[in-house]
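Enquirer: As a plain string of letters, each chain reads:
There are 2 protein chains.
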Amino acid sequence: MLKYQHIANELEKYIEEHALQQGEKLPSLDLLMTQFEVSKSTITKSLDLLEKKGIVFQVRGSGIFVRRHKRKGYISLLSNQGFKKNLEDFHITSEVIELDVRKPTKEAALNLNIELDNDVYYVKRVRYIHGLTLCLEESYFNKSIITYLNNEIISESIFNYISEGLGLNIGFADTFLHVNKLTEEEAKYLGLRKGDPKLYVESIFHLTNGQPFDFSKGTYNYEQSQFFVQTNSHFL
Amino acid sequence: MLKYQHIANELEKYIEEHALQQGEKLPSLDLLMTQFEVSKSTITKSLDLLEKKGIVFQVRGSGIFVRRHKRKGYISLLSNQGFKKNLEDFHITSEVIELDVRKPTKEAALNLNIELDNDVYYVKRVRYIHGLTLCLEESYFNKSIITYLNNEIISESIFNYISEGLGLNIGFADTFLHVNKLTEEEAKYLGLRKGDPKLYVESIFHLTNGQPFDFSKGTYNYEQSQFFVQTNSHFL
Numbered sequence: 001m002l003k004y005q006h007i008a009n010e011l012e013k014y015i016e017e018h019a020l021q022q023g024e025k026l027p028s029l030d031l032l033m034t035q036f037e038v039s040k041s042t043i044t045k046s047l048d049l050l051e052k053k054g055i056v057f058q059v060r061g062s063g064i065f066v067r068r069h070k071r072k073g074y075i076s077l078l079s080n081q082g083f084k085k086n087l088e089d090f091h092i093t094s095e096v097i098e099l100d101v102r103k104p105t106k107e108a109a110l111n112l113n114i115e116l117d118n119d120v121y122y123v124k125r126v127r128y129i130h131g132l133t134l135c136l137e138e139s140y141f142n143k144s145i146i147t148y149l150n151n152e153i154i155s156e157s158i159f160n161y162i163s164e165g166l167g168l169n170i171g172f173a174d175t176f177l178h179v180n181k182l183t184e185e186e187a188k189y190l191g192l193r194k195g196d197p198k199l200y201v202e203s204i205f206h207l208t209n210g211q212p213f214d215f216s217k218g219t220y221n222y223e224q225s226q227f228f229v230q231t232n233s234h235f236l
Numbered sequence: 001m002l003k004y005q006h007i008a009n010e011l012e013k014y015i016e017e018h019a020l021q022q023g024e025k026l027p028s029l030d031l032l033m034t035q036f037e038v039s040k041s042t043i044t045k046s047l048d049l050l051e052k053k054g055i056v057f058q059v060r061g062s063g064i065f066v067r068r069h070k071r072k073g074y075i076s077l078l079s080n081q082g083f084k085k086n087l088e089d090f091h092i093t094s095e096v097i098e099l100d101v102r103k104p105t106k107e108a109a110l111n112l113n114i115e116l117d118n119d120v121y122y123v124k125r126v127r128y129i130h131g132l133t134l135c136l137e138e139s140y141f142n143k144s145i146i147t148y149l150n151n152e153i154i155s156e157s158i159f160n161y162i163s164e165g166l167g168l169n170i171g172f173a174d175t176f177l178h179v180n181k182l183t184e185e186e187a188k189y190l191g192l193r194k195g196d197p198k199l200y201v202e203s204i205f206h207l208t209n210g211q212p213f214d215f216s217k218g219t220y221n222y223e224q225s226q227f228f229v230q231t232n233s234h235f236l
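Protein chains in written order, with UniProt numbering: chain F, 1 to 236; chain C, 1 to 236.
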């Protein structure tokens, strides 16, 4: 971890531990420089990272302020995919239904940018939050990138394994959402009724080099669907 | 508009017009510097902005690549709130149901960070996409910030008016999502049936100085619910 990332983590921890509220002002740049004994450019990079992560906002000429409008019980729509910290915070666990190596569907091949005769790891899981069904998820991993998976790995945090075990750099994701009605099979897995509402989420995860490695399709239990997303101005 | 923003716009237009695909490489930093006759730091800022906007990704030591996994017909979940360009791209129009100045509900006061005896503009609209019902939306605008609204303004692009008419700087937003079943009233407005699925989206929009100015609650027609969200690594 680079120094500015370490400082960003320290500041994030400080905000959490002191339960600082939205709009509270952080110490000035100068003070932070002195406190962490680093250059202005390092502190600036730390704060830029925290701003990108939606943890602070900077007002030119005025200071750095805490941004946290989080509501209790809401999962980040974009970060519940498998990092240990997120999963543990919300007690997310998995039951593996299927795991095998196979050829991709047309849809998976297209989204993973591979050929139909390439191999993928196919994973089908039911995921639970606090012991209640959260979603039914099917994932296709490009086997030439994610070279090995087993039941133990996919019961836990796949993304931690990918970044720490396989040493890959997870980059960005594109997510597509629909609302629709549950099919009979989906309803069975989620313990709901056919025709009940569902949130359907497709995500394509890429390495930092732009290669897609995971195409996932999740069908969420509407009773547990409490998601949040943060946006910065360039998206509005 | 600052020079780096202008260059970012030019590059974005270039990518659009030439229909460059995901993974295509852009010219090198040096070439872009020469082409736009600006310093390295200006080009770097332009590319950082495009990266934040999800239009390119940068691979250290390798180059700058196009990022666009957009699918036809999908609206950005986070930018359909009222900028002219987004609305026009998707033929989004509005029918105004109610517009008045009133006291906020407890919920609105809390989310706008104002008192119960402050004034808000209350706006209730049905929004249409390609002539079909997209959502029923109720918005509460802090009247001490959004000092004036009328029927014409709220039939068109409220955000354009806020930034260009009122000269305010729109900063960031927090968005909360649920999936649920339509109430009878909601179903009536959307032309659906009670109990049909709905996507319910609450957003709190802030100025760059952190002040919340708009608390909006949208109930979306599941038949038109095709949304996408882009994420960068710090959110995963």
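Everything labelled a hint here was simulated from the structure, so no lab data went into it. Some hints here could point you the wrong way.
If several chains are the same, the list does not tell them apart, and a pair holds so long as it fits within one copy or across any two.
20 Å max Cα-Cα, derived EDC-like pairs, lysine to aspartate or glutamate [said to hold, decoys possible]: (1) Lys124 to Asp48; (2) Lys181 to Asp196; (3) Lys40 to Glu12; (4) Lys217 to Glu202; (5) Lys103 to Glu17; (6) Lys72 to Glu107; (7) Lys103 to Glu152; (8) Lys106 to Glu95; (9) Lys124 to Glu37; (10) Lys72 to Glu202; (11) Lys181 to Glu223; (12) Lys106 to Glu156; (13) Lys194 to Glu223; (14) Lys13 to Glu95.
Enquirer: Against this structure, judge whether each hint is valid.
Expert: Going down the list of hints, with the structure as the test:
1. Lys124 to Asp48: neither (37 Å within a copy, 37 Å between copies)
2. Lys181 to Asp196: both (5 Å within a copy, 8 Å between copies)
3. Lys40 to Glu12: within (18 Å within a copy, 31 Å between copies)
4. Lys217 to Glu202: within (5 Å within a copy, 24 Å between copies)
5. Lys103 to Glu17: neither (47 Å within a copy, 36 Å between copies)
6. Lys72 to Glu107: between (36 Å within a copy, 15 Å between copies)
7. Lys103 to Glu152: neither (22 Å within a copy, 55 Å between copies)
8. Lys106 to Glu95: neither (26 Å within a copy, 41 Å between copies)
9. Lys124 to Glu37: neither (49 Å within a copy, 52 Å between copies)
10. Lys72 to Glu202: Between. Shortest inter-copy distance 15 Å satisfies the 20 Å Cα cut-off; intra-copy 25 Å does not.
11. Lys181 to Glu223: Classified as both; 13 Å inside a copy, 10 Å across copies.
12. Lys106 to Glu156: Neither: 28 Å inside a chain and 41 Å across chains, both beyond 20 Å.
13. Lys194 to Glu223: Answer is both; intra-copy 14 Å and inter-copy 17 Å each pass.
14. Lys13 to Glu95: neither (32 Å within a copy, 46 Å between copies)
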